[in-house]
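Read top to bottom, the protein sequences are chains D and L. Our numbering numbers the first residue of the first sequence as 1 and each following residue consecutively. Our numbering numbers the first residue of the second sequence as 1001 and each following residue consecutively.
Hints are computed from structural coordinates only; laboratory data are not their basis. A couple of the hints might just be wrong.
[Claimed, not checked] Here are the simulated lysine-lysine pairs, DSBU-like style, with alpha carbons at most 30 angstroms apart: (1) Lys120(D) with Lys52(D); (2) Lys198(D) with Lys52(D); (3) Lys1206(L) with Lys23(D); (4) Lys238(D) with Lys81(D); (5) Lys1259(L) with Lys1059(L); (6) Lys1259(L) with Lys1147(L); (7) Lys52(D) with Lys239(D); (8) Lys1147(L) with Lys52(D); (9) Lys239(D) with Lys81(D); (10) Lys1028(L) with Lys198(D); (11) Lys81(D) with Lys52(D); (12) Lys1028(L) with Lys120(D).
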Amino acid sequence: MSAQAPAAELTARFGVSAGRRRKDRIARAIILAATILALIPLVLIIYYLLEKGLGAWSSSFFTTDPTGNTFFKNSAIGGVKSAILGSIEMVALASAIAIPLGVGVALWLVEYGRASWFAKVVRFFVDVLTGVPSIVFGLFIYIVLVIGTGSTFAGYKGSLALSLLMLPVVIRSAEVILLLVPGGLRESALALGAPRWKVIFRIVLPTALPGMVTGVLLAVARAAGETAPLLFTAGSPKKTTTDLGAFMNSLPVQIYNDINSATPSVVSRAWGAALALVTLILLLNLAARLISRRSRLV
Amino acid sequence: MEAASVPGGDRALLARSPLARLPDRALKYLLTLLAGLILVLIVYFFIRLVGEARPAFAKEGVLGFAFANNWNPSAEHFGALPLVVGTLITSALALAIGVPVAVAAALYATELCPRALRSPLSILVELLAAVPSVVYGLWGYFFLAPKLQPAEQWVADRLSFVPFIGGGLVTIPNYFIAGLVLAIMILPIVSAISREVMATVPRDHKEAALGLGATRWEMIRMAVLPYCRSGIVGGAMLGLGRAIGETIAVTILIGDAPKLGHQLFGQGYSLAAVIANEFGEAQGVHRSALFAAGLVLFVLTFLVNGFARALVVRAAHKTGQSGPGDGESGTSIVAGVAAGA
Chain D
1 MSAQAPAAEL TARFGVSAGR RRKDRIARAI ILAATILALI PLVLIIYYLL
51 EKGLGAWSSS FFTTDPTGNT FFKNSAIGGV KSAILGSIEM VALASAIAIP
101 LGVGVALWLV EYGRASWFAK VVRFFVDVLT GVPSIVFGLF IYIVLVIGTG
151 STFAGYKGSL ALSLLMLPVV IRSAEVILLL VPGGLRESAL ALGAPRWKVI
201 FRIVLPTALP GMVTGVLLAV ARAAGETAPL LFTAGSPKKT TTDLGAFMNS
251 LPVQIYNDIN SATPSVVSRA WGAALALVTL ILLLNLAARL ISRRSRLV
Chain L
1001 MEAASVPGGD RALLARSPLA RLPDRALKYL LTLLAGLILV LIVYFFIRLV
1051 GEARPAFAKE GVLGFAFANN WNPSAEHFGA LPLVVGTLIT SALALAIGVP
1101 VAVAAALYAT ELCPRALRSP LSILVELLAA VPSVVYGLWG YFFLAPKLQP
1151 AEQWVADRLS FVPFIGGGLV TIPNYFIAGL VLAIMILPIV SAISREVMAT
1201 VPRDHKEAAL GLGATRWEMI RMAVLPYCRS GIVGGAMLGL GRAIGETIAV
1251 TILIGDAPKL GHQLFGQGYS LAAVIANEFG EAQGVHRSAL FAAGLVLFVL
1301 TFLVNGFARA LVVRAAHKTG QSGPGDGESG TSIVAGVAAG A
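Between the sequences and the hints, there should be enough to build the whole structure, so can you do that?
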């Protein structure tokens, strides 16, 4: 044992051997590489959406309905006005149905159901709903509202399919937030003599509101991007309509139909519509994140 | 002072009149009704779906529907084996490609990356969940598939001696592209859940490993991964549920050919895709067969998701932590919901 090199001696006895160090370095490099790999699709998707989509945008793109002309290269194919308005109308109606229902169920779970067996059953079924493929929701609505009523597609039927899709997301996110409302707030209000319903409406809901907005916006974003449930509940007409009882176009369905076309200008319209759709959804996501950051509960 | 010593007469002064108690009762029953409505809806839908699928099952038999390799609507043959196999192939591919990448991304975000990068990195991965299915289809069909076709053809030519992978002409829509895009689509949910499970690994375990002289990788392998195994498997199963039910992107990318796939780079079909593609023109038994496909899809995703939830919940409860989705910070709530957890 030489006194000159205790450090070398220690390293030899206790240090990490070259082989282990190499293995560590390789493993970390692989993990880093896989992480970068995970980010590549996002970059590529956004890049190509911007490149192809912006080229398709023009003033007439947003202000005209699709004409249905696809065979002749120089005939006007029209824009996506009916698709954008249809999407907004249907998602708005779906939200108007799913948000009160979802928040109501979440309130029941947190304020009344808690850990009862019935609450467990409800939670389980909400989880089941989360996993149901979106096209199956379309089938449900088709069976009940198209076969069941002997009629045909309509905007409100598309909305109902979308609201089924939103429900579990709204319930789950609202439940998580409601659980974060401090029990002390409820108890103080009750101790002051407030009735239960007043506690819920004046104390619990206002406290939870900013947090719940986050989950709701994410649910709206999810519904806005769905194609499958609308295919055979709302149809894909060309004309703009405000009548929720009539066939109604939507952005995802319009994109889906345009992809199948052999005409380059129609495919280009699909890119433009996709860019509009993704922009809309990213804005909703961004808003959700900003609001969640400002919420005091989380 | 004990509450019991307050005479009963005083209580009457404090109690609310029956009329004032009415809104309370009403609200409680209304909310209970809403919660019950969810159950009734699901059960009702399920029964109706079975009812609509019955003619197809009556014609082909339940086993005949699921295991006969003959999907030919114009000849009224509805053996869904090619569809089931297509769903399984694409989902398996999605898991094989997506899960390792998602777990690695989660490991990097929780264990290796600089603290400042942690949250932006997670948000970027989760943004993938914000891209709609139809946009994945569009991008996959017009960008990814043509770009990868030469590489796929090269692999198919080199590995021509390997059954299923090698040989044949590579088509633009094929199983592999569908599986690859599905892998990208399940990345965010698998990654988000893995990250949340990894966040529950006790600090002590990791510090003990490092204190004993383990390298970072050894710490991950011996302290982090074993602790998270069931949670990661649960996350992967949730991803599998997503992949099985994914419709539009697969419809665009799988080629919609109702034959049993002999080739990784050839066209096929899936259960969800057949509904999206054929439902518009379907009549009679054909339509019933599509409802039956929906029923199979429903039951399949139900089983996979039920199993997955059990695993994830168990993983989260091991430490007495709350479940994923109601984790420690606001971002985790957003993460869970955004990734569709």
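Against the structure, the hints come out as follows:
| no. | hint | verdict |
| --- | --- | --- |
| 1 | Lys120(D) with Lys52(D) | violated, 48 angstroms |
| 2 | Lys198(D) with Lys52(D) | violated, 53 angstroms |
| 3 | Lys1206(L) with Lys23(D) | holds, 18 angstroms |
| 4 | Lys238(D) with Lys81(D) | holds, 9 angstroms |
| 5 | Lys1259(L) with Lys1059(L) | holds, 20 angstroms |
| 6 | Lys1259(L) with Lys1147(L) | holds, 26 angstroms |
| 7 | Lys52(D) with Lys239(D) | holds, 25 angstroms |
| 8 | Lys1147(L) with Lys52(D) | holds, 16 angstroms |
| 9 | Lys239(D) with Lys81(D) | holds, 9 angstroms |
| 10 | Lys1028(L) with Lys198(D) | holds, 12 angstroms |
| 11 | Lys81(D) with Lys52(D) | holds, 19 angstroms |
| 12 | Lys1028(L) with Lys120(D) | holds, 17 angstroms |
When held up to the earlier numbered hints, the structure conflicts with 1, 2 and fits the remainder.
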